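Q: Please build the complete structure, drawing on both the sequences and the hints.
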Amino acid sequence: MQVLINQLPFELPPNATLSLAIERFGISPPFAAAVNLQFVAKTDYAHTPLHEHDEIELIAPITGG
Amino acid sequence: MNAPITPPLTTDLSLSQSDPLVLYGETFSSRLMLGTSRYPSPAVLMECVRATKPAFLTVSLRRQMPQANAQELGGNVFWELLKDLKTPLLPNTAGCHRVQEVITTAQMAREVFETDWIKLELIGDDYTLQPDTVNLPMAAAELIKLGFKVLPYCTEDLVLCQKLIDVGCQAVMPWAAPIGTGLGPINPHALKVLRDRLNVPLIVDAGLGLPSHACQVMEWGFDAVLLNTAVALAVDPLEMAQAFGWAVKAGRYAHLGGAMTPQTGAQASTPVLGTPFWHQSP
Chain V
1 MQVLINQLPF
11 ELPPNATLSL
21 AIERFGISPP
31 FAAAVNLQFV
41 AKTDYAHTPL
51 HEHDEIELIA
61 PITGG
Chain W
1 MNAPITPPLT
11 TDLSLSQSDP
21 LVLYGETFSS
31 RLMLGTSRYP
41 SPAVLMECVR
51 ATKPAFLTVS
61 LRRQMPQANA
71 QELGGNVFWE
81 LLKDLKTPLL
91 PNTAGCHRVQ
101 EVITTAQMAR
111 EVFETDWIKL
121 ELIGDDYTLQ
131 PDTVNLPMAA
141 AELIKLGFKV
151 LPYCTEDLVL
161 CQKLIDVGCQ
171 AVMPWAAPIG
181 TGLGPINPHA
191 LKVLRDRLNV
201 PLIVDAGLGL
211 PSHACQVMEW
221 GFDAVLLNTA
231 VALAVDPLEM
241 AQAFGWAVKA
251 GRYAHLGGAM
261 TPQTGAQAST
271 PVLGTPFWHQ
281 SP
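Residue numbers (my numbering), protein chains in the order written: chain V, 1 to 65; chain W, 1 to 282.
Incorrect hints may appear among the rest.
Which chain V residues face chain W? A few, computed with CB under 7 Å, are given here [unchecked claim]: (1) 4; (2) 6; (3) 30; (4) 32; (5) 34; (6) 39; (7) 59; (8) 60; (9) 61; (10) 63; (11) 64; (12) 65.
Using 30 Å as the maximum straight-line C-alpha spacing, the simulated DSSO-like pairs for lysine-lysine come out as follows [stated by the list, open to error]: (13) W:192 / V:42; (14) W:83 / W:163; (15) V:42 / W:163; (16) V:42 / W:145.
Which chain W residues stay away from chain V? Per the calculated CB distances, all over 10 Å, these [stated by the list, open to error]: (17) 103; (18) 107; (19) 113; (20) 128; (21) 130; (22) 142; (23) 159; (24) 179; (25) 181; (26) 199; (27) 212; (28) 219; (29) 236; (30) 264.
No lab work stands behind these hints, which were simulated from the structure alone. Nothing here was measured: the structure is a model prediction, and the numbers come from that model. Every residue, glycine too, gets a C-beta built ideally from N, C-alpha and C.
A: Okay, here's the thing in structure tokens:
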């Protein structure tokens, strides 16, 4: 199935979880995740199934005003 | 016998312990909050923070791309810098245009930065970066329900600020002018009305360009200022950061001191009685 991670297309196997998506994307801590605009706590990555066309956001600290 | 010598004003930029800034029951020794963006280098940012000891450093979250070559300081480098500075962090929701974006970003920020503090930004207009004043109270209410300590970036509108307080905000952050303009307080009357009418801490956030701007709003009774660009884009950010630190402190002391009432007629400061060479006009 295809998902979008930070708006980039990724091909994942059926029944993939958020954990697998994060691993494929290759991001290192600290970061936080959301799926389809809903926050997912890090303790839930392994229990969050993904679906076709899900939109995943992985964001990390940056400067701010 | 010599008269006792009055101790000099302290050179410490933190305010006295008898006059702390209190937000959501927490005490802060500084009334200056500093953004972390747009500095010439991480080293300059660190110098400014160490010189001013701000109450908060504002930070944000953005997408991290694989093999990113972003010019803006971020990721692990920024994370290590923040750990070194040991300053309380105030994550923002900059760039959010919808209430749900705000909620999700705040939850992500809480997990990453391990803090319940959030600077609520809900942008309603991309050109002026004016907040979405219609939906801001709803966003604030949702965040408060989720346990956040919300500091909302808002305009100087009295009714908006009152509604933010009504939904549970224990402080509000009206702008002086649009973000990054450095124009200083463009609506002094409205800001003074806020101070007269609202009994929560008021923090001027955005639009300050000069230390005199900061001093002025502090003289009016505002409780703190939050600034970024005025320091980061100064010719010498460290000098400017220190100038802002002193200005905030001067303004606060002036407010506590209570200004004299202005009057139109001149009044000699030096006693008139006994003026030498004085004589009654013929």
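Q: Does each hint fit the structure? Answer for all of them.
A: Now for the hints, and whether the structure bears them out:
Checking residue 4 of chain V against chain W by beta carbon gives a least distance of about 11 Å; that is not within 7 Å, so the hint is violated. Against a cut-off of 7 Å between C-beta atoms, the interface hint on residue 6 of chain V holds, since the closest Cβ of chain W lies about 4 Å away. For the restraint placing residue 30 of chain V at the interface with chain W, the shortest Cβ-Cβ distance is roughly 5 Å, inside the 7 Å limit, so the hint holds. Given hint, residue 32 of chain V at the interface with chain W, holds; its Cβ is 4 Å from that chain's nearest Cβ, closer than 7 Å.
The closest approach between the C-beta of residue 34 of chain V and any C-beta of chain W is roughly 5 Å, which is under the 7 Å cut-off, so the hint is satisfied. Hint status for residue 39 of chain V: holds, given a least beta-carbon distance of 4 Å to chain W, under 7 Å. Taken as an interface hint, residue 59 of chain V checks out: its beta carbon lies about 4 Å from the nearest beta carbon of chain W, inside 7 Å. Hint status for residue 60 of chain V relative to chain W: holds, with the closest Cβ pair at about 4 Å, below 7 Å.
The restraint placing residue 61 of chain V at the interface with chain W holds, with a minimum CB-CB distance near 5 Å, inside the 7 Å limit. The beta carbon of residue 63 of chain V comes within 4 Å of a beta carbon in chain W, closer than 7 Å, and the hint placing it at the interface holds. Below 7 Å, beta-carbon pairs count as interface contacts, and residue 64 of chain V has one with chain W at about 3 Å; its hint therefore holds. About 4 Å separates the beta-carbon of residue 65 of chain V from the nearest beta-carbon of chain W, less than 7 Å, and the hint is met.
With a C-alpha separation of about 45 Å, the suggested pairing of residue 192 of chain W with residue 42 of chain V is violated against the 30 Å cut-off. For the suggested pair residue 83 of chain W and residue 163 of chain W, the alpha carbons sit about 36 Å apart, so the restraint of at most 30 Å is broken. With a C-alpha separation of about 34 Å, the suggested pair residue 42 of chain V and residue 163 of chain W falls outside the 30 Å cut-off, and the hint is violated. Between residue 42 of chain V and residue 145 of chain W the alpha-carbon distance is near 21 Å, which keeps this suggested pair within the 30 Å criterion.
Taking the minimum C-beta to C-beta distance to chain V, about 8 Å, the non-interface status of residue 103 of chain W is violated against the 10 Å cut. Its beta-carbon lying about 4 Å from the closest one in chain V, residue 107 of chain W breaks the requirement of being farther than 10 Å from that chain. Separation of residue 113 of chain W from chain V is inadequate, the least Cβ-Cβ distance of about 7 Å not exceeding the 10 Å criterion. Once the 10 Å rule is applied to beta carbons, residue 128 of chain W is consistent with being away from chain V; the minimum gap is 15 Å.
Annotated as non-interface, residue 130 of chain W keeps its C-beta farther than 10 Å from every C-beta of chain V; the closest such distance is 15 Å. Annotated as non-interface, residue 142 of chain W keeps its C-beta farther than 10 Å from every C-beta of chain V; the closest such distance is 13 Å. With a closest Cβ-Cβ approach of about 26 Å to chain V, residue 159 of chain W is found to remain outside the 10 Å limit, as its non-interface label requires. For residue 179 of chain W, the condition that its CB be more than 10 Å from all CB atoms of chain V is violated, with the nearest at approximately 7 Å.
Every CB of chain V is more than 10 Å from the CB of residue 181 of chain W (nearest about 12 Å), matching its label as outside the interface. Non-interface status of residue 199 of chain W relative to chain V is upheld: no Cβ of that chain comes within 10 Å, the nearest being about 28 Å off. No beta-carbon of chain V comes within 10 Å of the beta-carbon of residue 212 of chain W; the shortest separation is about 21 Å. Look at residue 219 of chain W: its CB is around 24 Å from the nearest CB on chain V, clear of 10 Å, so calling it non-interface holds up.
The non-interface label for residue 236 of chain W is consistent with chain V: the shortest C-beta to C-beta separation is roughly 19 Å, beyond 10 Å. The Cβ of residue 264 of chain W sits about 42 Å from the closest Cβ of chain V, beyond the 10 Å cut-off, so the non-interface label holds.
This entry does not satisfy hints 1, 13, 14, 15, 17, 18, 19 and 24, going by the numbered hints stated previously.
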